[in-house]
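Trainee: Chains C and B, in that order, give the protein sequences.
In terms of our numbering, the numbers along the first sequence are unbroken and rise by one, the last being 322.
In terms of our numbering, the numbers along the second sequence are unbroken and rise by one, the last being 70.
For the record, the hints were derived by calculation from the structure and aren't laboratory data.
Check each hint, because a few of them may be wrong.
Claimed, not checked - DEER-style ranges, computed between Cβ atoms:
hint	chain 1	residue 1	chain 2	residue 2	range
1	B	1	C	244	29 to 39 Å
2	C	185	B	57	39 to 49 Å
3	B	28	C	145	41 to 51 Å
4	B	1	C	145	52 to 62 Å
5	B	16	C	115	36 to 46 Å
6	C	162	B	3	35 to 45 Å
7	C	185	B	59	40 to 50 Å
8	C	231	B	7	32 to 42 Å
Stated by the list, open to error - Below, a sample of chain C positions facing chain B; criterion: calculated Cβ distance under 7 Å:
hint	residue
9	171
10	242
11	245
12	246
13	247
14	316
We put the CB at the ideal spot given by N, CA and C, even for glycine.
What follows is each chain in one-letter form.
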Amino acid sequence: MTRIQRRTQVLLALGALGAAGMFLGPDGWFGIDIGPVGAAVLYGVLWLFVIHLAHHSGEVFPEHWSPAEKQSWVALVFLALITLHVGNLLLALPGLGEAAEQARNPATRALWTNLGLLIFGWIVIGTMLRRQDAGGVTLDERDLRIQHRAARVADGCMSLLIVCVVVTLFALPEQSRNWLRPMIVANALIALLIVRALVESIYTVWRYGREHGRDPA
Amino acid sequence: MNEFAVRNRIREFRQTRAELTQAALAEACGVTRQTIIALEAGRYSPSLELAFKLARALGRNLEEVFQYAEKN
Chain C
106 MTRIQRRTQV LLALGALGAA GMFLGPDGWF GIDIGPVGAA VLYGVLWLFV
156 IHLAHHSGEV FPEHWSPAEK QSWVALVFLA LITLHVGNLL LALPGLGEAA
206 EQARNPATRA LWTNLGLLIF GWIVIGTMLR RQDAGGVTLD ERDLRIQHRA
256 ARVADGCMSL LIVCVVVTLF ALPEQSRNWL RPMIVANALI ALLIVRALVE
306 SIYTVWRYGR EHGRDPA
Chain B
-1 MNEFAVRNRI REFRQTRAEL TQAALAEACG VTRQTIIALE AGRYSPSLEL
49 AFKLARALGR NLEEVFQYAE KN
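All chains should be modelled from the sequences, with the hints used to inform the complete structure.
Mentor: And the structure:
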């Protein structure tokens, strides 16, 4: 592993710490609200990563990774963060009561700001990687085969999830369904689509990793 | 029942042509170098079109480069 790749790992570890603080940390920790601190660390790391990638273009990822594999790792990181944000919103919405029905409630507004930042960061990093790999083959039949399998696995998981949700809704007694408001259901459906994309991404990365595990090179 | 697998001699034929690196072979066939690595390691079975492209780039017949043989 090169010095640049070690630096990449340090940045990823810092980003993971920031994300953990943002989503899992308690509200108060020695008088510090750990949520905003975690968010600041996470977004700070995101921009440091952009600078790191700009300065050491070809050395940030292992040399034996194909362009499509690099993109799938980037997609996995961003999709995991987006899933955590949406999951966080879904947990917060039932507690908002009537305010949850308004499209511009504080929780939803905060989510859209964070999603906007994440999607912008994803576009910037994705574009930088595409520029680095420009001129050569970036997607071939092996990548397409892996992507096709990943899409099938993700579709299967989504079908299973939908069946589970339907069965759970039917099984719930009527008085337990009063938290089910249209805005919560709408957000849950969006979350389902995001989870499908995340499963696809996890499977893609796992398939590439499995091939490396067997490759002598 | 006997199990069969596609085997190839890409690495062997590539190495007999000293100037043909994995990257050069990948470029000649329109794939990434990582796909050539996976092929040589026997972790990936190519499409028929890619198999023909590889055989042509290596200057061999398809049957010389790929064999459908019983698994060990």
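Trainee: Please go over all the hints and tell whether each is borne out by the structure.
Mentor: Going down the list of hints, with the structure as the test:
In this structure the supplied range 29 to 39 Å holds for residue 1 of chain B paired with residue 244 of chain C, their Cβ-Cβ distance being about 31 Å. Between residue 185 of chain C and residue 57 of chain B the beta carbons are some 47 Å apart, a value that agrees with the proposed interval 39 to 49 Å. The given range of 41 to 51 Å is respected by residue 28 of chain B and residue 145 of chain C, whose C-beta atoms sit roughly 45 Å from each other. Judged by the Cβ atoms, the range 52 to 62 Å given for residue 1 of chain B and residue 145 of chain C holds: they are separated by roughly 56 Å.
Separated by about 41 Å at the C-beta atoms, residue 16 of chain B and residue 115 of chain C satisfy the suggested range of 36 to 46 Å. Judged by the Cβ atoms, the range 35 to 45 Å given for residue 162 of chain C and residue 3 of chain B holds: they are separated by roughly 39 Å. The given range of 40 to 50 Å is respected by residue 185 of chain C and residue 59 of chain B, whose C-beta atoms sit roughly 48 Å from each other. Between residue 231 of chain C and residue 7 of chain B the Cβ separation comes to about 38 Å, which falls inside the hinted range of 32 to 42 Å.
Interface restraint check for residue 171 of chain C: the shortest CB-CB distance to chain B comes to about 4 Å, inside 7 Å, so the restraint holds. Hint status for residue 242 of chain C relative to chain B: holds, with the closest Cβ pair at about 5 Å, below 7 Å. A distance limit of 7 Å between C-beta atoms decides the matter here; for residue 245 of chain C the minimum to chain B is near 4 Å, and the interface restraint holds. Using the Cβ-Cβ criterion of 7 Å, the hint placing residue 246 of chain C at the interface with chain B is satisfied: the shortest such distance is roughly 5 Å.
A least Cβ separation of about 5 Å between residue 247 of chain C and chain B falls short of the 7 Å threshold, and the interface hint therefore holds. Against a cut-off of 7 Å between C-beta atoms, the interface hint on residue 316 of chain C holds, since the closest Cβ of chain B lies about 5 Å away.
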